[in-house]
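There are 2 protein chains.
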Amino acid sequence: MIVCPYINDDKASAVTSKEHRTVTRAAHQEPNVLRLKRLGIDTYQELVIFMSTASPICRSEGWAAQSRVQVSHNGRSIVTTLNVTTSALLGPDEASLSEAAWRVLGAAEGDLVRLTHALPVESLSQVRAKVYGEKLTAAGIASIVRDIVAGRYSDIDLAAFVTAFGGTKTDLDETIALTTAMIETGERLYWGRAPIVDKHCVGGLPGNRTSMIVVPIVAACGLTIPKTSSRAITSPAGTADAMETVAPVDLDLTQMRHVVEREGACIVWGGRVRLAPADDVIISVERSLDFDSTTQLVASVLSKKAAAGSTHVVIDIPVGPTAKVRSTVAAGLLESMFEAVGAKIGLSIRVVRTDGTQPVGRGIGPALEARDVLRVLRQSPDAPEDLRARALMLAGSVLEVGGAAPAGAGLARAQATLESGDALRKFEAVCGAQGGMREPAIAPLTHVVRATRPGQVIGIDNRRLARLAKLAGAPRAASAGLELHARLGTKVHGDEPLMTIYAEAQGELDYAREYLAANPQVMDLEDS
Amino acid sequence: MIVCPYINDDKASAVTSKEHRTVTRAAHQEPNVLRLKRLGIDTYQELVIFMSTASPICRSEGWAAQSRVQVSHNGRSIVTTLNVTTSALLGPDEASLSEAAWRVLGAAEGDLVRLTHALPVESLSQVRAKVYGEKLTAAGIASIVRDIVAGRYSDIDLAAFVTAFGGTKTDLDETIALTTAMIETGERLYWGRAPIVDKHCVGGLPGNRTSMIVVPIVAACGLTIPKTSSRAITSPAGTADAMETVAPVDLDLTQMRHVVEREGACIVWGGRVRLAPADDVIISVERSLDFDSTTQLVASVLSKKAAAGSTHVVIDIPVGPTAKVRSTVAAGLLESMFEAVGAKIGLSIRVVRTDGTQPVGRGIGPALEARDVLRVLRQSPDAPEDLRARALMLAGSVLEVGGAAPAGAGLARAQATLESGDALRKFEAVCGAQGGMREPAIAPLTHVVRATRPGQVIGIDNRRLARLAKLAGAPRAASAGLELHARLGTKVHGDEPLMTIYAEAQGELDYAREYLAANPQVMDLEDS
Chain A
1 MIVCPYINDD KASAVTSKEH RTVTRAAHQE PNVLRLKRLG IDTYQELVIF MSTASPICRS
61 EGWAAQSRVQ VSHNGRSIVT TLNVTTSALL GPDEASLSEA AWRVLGAAEG DLVRLTHALP
121 VESLSQVRAK VYGEKLTAAG IASIVRDIVA GRYSDIDLAA FVTAFGGTKT DLDETIALTT
181 AMIETGERLY WGRAPIVDKH CVGGLPGNRT SMIVVPIVAA CGLTIPKTSS RAITSPAGTA
241 DAMETVAPVD LDLTQMRHVV EREGACIVWG GRVRLAPADD VIISVERSLD FDSTTQLVAS
301 VLSKKAAAGS THVVIDIPVG PTAKVRSTVA AGLLESMFEA VGAKIGLSIR VVRTDGTQPV
361 GRGIGPALEA RDVLRVLRQS PDAPEDLRAR ALMLAGSVLE VGGAAPAGAG LARAQATLES
421 GDALRKFEAV CGAQGGMREP AIAPLTHVVR ATRPGQVIGI DNRRLARLAK LAGAPRAASA
481 GLELHARLGT KVHGDEPLMT IYAEAQGELD YAREYLAANP QVMDLEDS
Chain B
1001 MIVCPYINDD KASAVTSKEH RTVTRAAHQE PNVLRLKRLG IDTYQELVIF MSTASPICRS
1061 EGWAAQSRVQ VSHNGRSIVT TLNVTTSALL GPDEASLSEA AWRVLGAAEG DLVRLTHALP
1121 VESLSQVRAK VYGEKLTAAG IASIVRDIVA GRYSDIDLAA FVTAFGGTKT DLDETIALTT
1181 AMIETGERLY WGRAPIVDKH CVGGLPGNRT SMIVVPIVAA CGLTIPKTSS RAITSPAGTA
1241 DAMETVAPVD LDLTQMRHVV EREGACIVWG GRVRLAPADD VIISVERSLD FDSTTQLVAS
1301 VLSKKAAAGS THVVIDIPVG PTAKVRSTVA AGLLESMFEA VGAKIGLSIR VVRTDGTQPV
1361 GRGIGPALEA RDVLRVLRQS PDAPEDLRAR ALMLAGSVLE VGGAAPAGAG LARAQATLES
1421 GDALRKFEAV CGAQGGMREP AIAPLTHVVR ATRPGQVIGI DNRRLARLAK LAGAPRAASA
1481 GLELHARLGT KVHGDEPLMT IYAEAQGELD YAREYLAANP QVMDLEDS
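Going line by line, the protein sequences match chains A and B. Numbering of the first sequence is given in my numbering, commencing with residue 1 and proceeding in unit increments. Numbering of the second sequence is given in my numbering, commencing with residue 1001 and proceeding in unit increments.
This is chain A alone, in the form it adopts within the complex (with noise of 0.2 Å):
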């Protein structure tokens, strides 16, 4: 039998085990007890804590720069990085968090927390298990799933487990494993009946805003169609922010169904509804170090849309020599991983390759985009055919895939509906129930860059391009932008528009103009 084998040597102090306890709770009065101070320090989604050098807790604790300290406020917890402070910023009685860790501990200022050492995160040995190329099981696939949920893992951690899940090692069971784990982690929504469909587009190219125009024809022959967006991230523009230059995107859980239940569609602002939460934590350090892993953009598509409640799902992959998947071998390992995962958690996928050398539409930035999908909507004359004629394309593959339409028939009755205006009337129906429709706004500031010889447009370099457009402010300055008067091919016989840039400041419009003067390449003429 083994039992403590301590009692207290100096007579003089000798407390039985009660009074000890009394005595040395009394020496330091909640000796891990911190005031909080905001700072205003955002990390993105790393969850820090600010202490100072000179607090106690530091020195009597161990704890440098960089130790694992668990913070508890109000019986939530979460586990943060430190960072200490050597000036007057913090006095030794206080703590900061950075932005992301007062949102997930919901504290505020003035609050106090506990710190303690953080405990050992266990799913690390399943990370350290793959590193050394074992092959997981679904619970170990789990465990780090939701520990990632929990904000257990500090950035250094997720990017040992995506790299340890990258490249070719992970197989079609762990890919199952891992997607199903994420739905599991967060909300799922069920809508009581099927089919519901959905569309995802793989890799953006500028402009490419056939969500908008996809989801009305769909929602008009009567399909469910549930879309969640996301907002840009190194884009000029994502889907939520162009449909926000229309209607509210910003819309909880059950504002969003209601849209659903009364309109039969929404597009709403992903981020806000987390669905599939452990995506967006595992995204960012993904795009940090520029992995492009199959297994990783498979579970973060199905995931999100087995979450919303799909049933039938059809996948855009553009297939270009600047796009996210280059060939055509590349695009048919991805299909084929695609309709097995979906196969396993009960999604019907239809893979639809695109073309993905230039931008799709005309507009690149939130309100001029907008403005290209309601010419489609609308039926102007100046409606951007390739856009148009996209979106047509995929609203008829998600038409067959839901059943509304036989196969083969389904661009006939796409097309049909967007002839009739019923397409129109009811994006119109959808803005209206998401929180009334707005035409999007014009821009005040604009510069068109006009070519200075004859000559025929032979490269457009879509990196450089949606640099431009940041650079005039976009998505910030929702209405910034540039409009594109040439595309592939187009040919200019004199000093023709090839583009125009939109901002709403002065200095952002001499920023993009600077870069541009600085940039030609954005567009390459050949003389003809």
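One thing to keep in mind: the hints can contain errors.
[Said to hold, decoys possible] Okay, the calculated bits of chain A under chain B, using three or more residues with CB under 8 Å as the criterion:
#, stretch
1, 33-43
2, 69-78
3, 81-87
4, 129-143
5, 165-178
6, 246-257
7, 277-288
[What the hints assert, rightly or not] Which chain A residues stay away from chain B? Per the calculated CB distances, all over 12 Å, these:
#, residue
8, 64
9, 110
10, 271
11, 311
12, 337
13, 346
14, 441
15, 469
16, 508
[To be verified] Between beta-carbon pairs, the in silico distance windows are:
#, chain 1, residue 1, chain 2, residue 2, range
17, B, 1171, A, 340, 27 to 37 Å
18, B, 1120, A, 327, 19 to 29 Å
19, A, 355, B, 1074, 30 to 40 Å
20, A, 454, B, 1103, 50 to 60 Å
21, A, 464, B, 1192, 50 to 60 Å
22, B, 1493, A, 122, 33 to 43 Å
Just so you know, the hints here were simulated from the structure itself, not pulled from any lab data. Please read all numbers here as calculations on a predicted model, not as lab measurements. Ideal placement from N, C-alpha and C gives every residue a C-beta, glycine not left out.
Could you slot chain B onto chain A? The hints should help.
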């Protein structure tokens, strides 16, 4: 031929290229320059820049939290991760840096820095290739290590590197390439003579301060041993901490060279001399992930030794259930990797396996460990026999590999050198050359922990013992820590002392006692 196809449209502002540049420069006057303000935030090694969300640079460049930003000052550039501040901490024309970034950039409060987008880090493509299972070339690995030393890897990038190279995915060639690259990216010492010997212990046991005994014995026998050692990171004391209680250790390369040229030996802090600096960066992320990679361990140890100019190295591998190496199989694999890599980079290696089941000596904490060392060197009757025997055995091995004793005669020569007092005199001389010898301080506060009943010590928890010593103040409080009066197998008959806690402050002594009361398993007593 492709030429710039743009002209300005709005005739009023139509300017020539030169005029245009003048206009825009006037508008934004040094648009990407901010003034540095010190906030005193320590993020350990990560290079971070802090900027206000209100900064026009953030807005125009599209930067947000986690963006990678290049910061230039006085011809030096570093790549930083952006944290944005939403409070009044920083004005729109101000920026701040993490403590590591101030150091690496060599900037001071009030200096102006220029900010630009960080160029993509080319060598990350090598890390991605490794993720996909490719074998890397020596040139590819060298490019990674150069970028790490230049501070171009974020903590996320470093975690990906450590993970991609972890497990069993690197082979001998890659380990050799990594070791070589780590040597070549730092200072390297040449001594103009041979042999240059060294010793290293893999994975710490509390109290295992053999280096402070081995070095003077070996040097007293005429060999050259330029020992660099580390400070504690997670343990209660590193060799540099213990040595610092008897002599200065914070020497630069020139000072270190003087000491070695005069005395044939030194025991200095390796952090100052920056041999194989990549290792210092990589190891902190490894520690955070708790990854045990053979490749990284071998590269870490051997690169430091080779950079210090060593030719013959004895590696001590403690094997035990709570040690870093837990089985003889694991020890064998590590041993063969050390020997193979050593042979390739011109180092002669001898591996010695030692008992790793319990602490060595009696003291745990900088001054208490130094006291053990001095007792051995001074041949006090109360010198800890296990530390003495271990140090003599290791010194004997070093003497044999360095050619100062025939095979099998090293131990006897080491013993004679200790018993003659030559080792003590050499230690005193080395301390004098490093800046002067002093006696280690004795902590003012003590608490003796006694057994409550008869029994036998059947278990010592090294991890909890280390934590107890740290709560008492070690290594910051140099005289704080523990002195053990019992070892595995010790039989106690009544209320005999098991250990003494030393502290410099009453609060710390109380913390340690409180922890001990809650964690009786630090030392397990079985009833006899």
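Quick rundown of the hints versus the structure:
1. Check on the stretch 33-43 of chain A: 6 of its residues sit with their Cβ under 8 Å from a Cβ of chain B, so the three-residue criterion for coverage holds.
2. Under a criterion of three residues with beta carbons nearer than 8 Å to beta carbons of chain B, the stated coverage of the stretch 69-78 of chain A fails, only 0 such residues being counted.
3. Coverage of the stretch 81-87 of chain A by chain B holds [criterion: at least 3 residues with CB-CB distance below 8 Å; count 5].
4. Against chain B, the stretch 129-143 of chain A contributes 3 residues with a C-beta closer than 8 Å to a partner C-beta. That satisfies the three-residue criterion, and the hint holds.
5. Counting residues of the stretch 165-178 of chain A whose C-beta lies closer than 8 Å to any C-beta of chain B gives 4; at least three are required, and the coverage claim holds.
6. Check on the stretch 246-257 of chain A: 0 of its residues sit with their Cβ under 8 Å from a Cβ of chain B, so the three-residue criterion for coverage is violated.
7. Evaluation of the coverage hint for the stretch 277-288 of chain A: fulfilled, as 3 residues show C-beta separations to chain B shorter than 8 Å, against a requirement of three.
8. With a closest Cβ-Cβ approach of about 7 Å to chain B, residue 64 (chain A) is found to fall inside the 12 Å limit, against its non-interface label.
9. No Cβ of chain B approaches the Cβ of residue 110 (chain A) within 12 Å, the least distance being about 15 Å, so the stated non-interface status holds.
10. Against the 12 Å criterion, residue 271 (chain A) stays outside the reach of chain B, whose nearest CB is about 14 Å from its own CB.
11. Listed as a non-interface residue, residue 311 (chain A) keeps its Cβ farther than 12 Å from every Cβ of chain B; the least gap is roughly 34 Å.
12. For residue 337 (chain A), the shortest C-beta to C-beta distance to chain B comes to about 16 Å, beyond the 12 Å cut-off, and the non-interface label holds.
13. Consistency note on residue 346 (chain A): stated as away from chain B, and its beta-carbon is indeed over 12 Å from all of that chain's, at 31 Å minimum.
14. Every beta carbon of chain B lies more than 12 Å from that of residue 441 (chain A), the smallest distance being close to 18 Å; the non-interface claim holds.
15. Not every CB of chain B is more than 12 Å from the CB of residue 469 (chain A) (nearest about 10 Å), against its label as outside the interface.
16. A cut-off of 12 Å between C-beta atoms contradicts the statement that residue 508 (chain A) is not in contact with chain B; the least separation is 7 Å.
17. Between residue 1171 (chain B) and residue 340 (chain A) the beta carbons are some 33 Å apart, a value that agrees with the proposed interval 27 to 37 Å.
18. For residue 1120 (chain B) and residue 327 (chain A), the hinted distance range of 19 to 29 Å is satisfied, since their beta carbons lie about 22 Å from each other.
19. For the pair residue 355 (chain A) and residue 1074 (chain B), the supplied restraint of 30 to 40 Å is violated, since their beta-carbon distance comes to about 49 Å.
20. Between residue 454 (chain A) and residue 1103 (chain B), the C-beta spacing of about 57 Å keeps the proposed range 50 to 60 Å intact.
21. Checking the proposed 50 to 60 Å range against residue 464 (chain A) and residue 1192 (chain B) shows it holds: the Cβ atoms sit about 56 Å from each other.
22. Residue 1493 (chain B) and residue 122 (chain A) have their C-beta atoms about 42 Å apart, which keeps the hinted 33 to 43 Å range intact.
The structure fails to meet hints 2, 6, 8, 15, 16, 19 from the earlier list, while all remaining hints are met.
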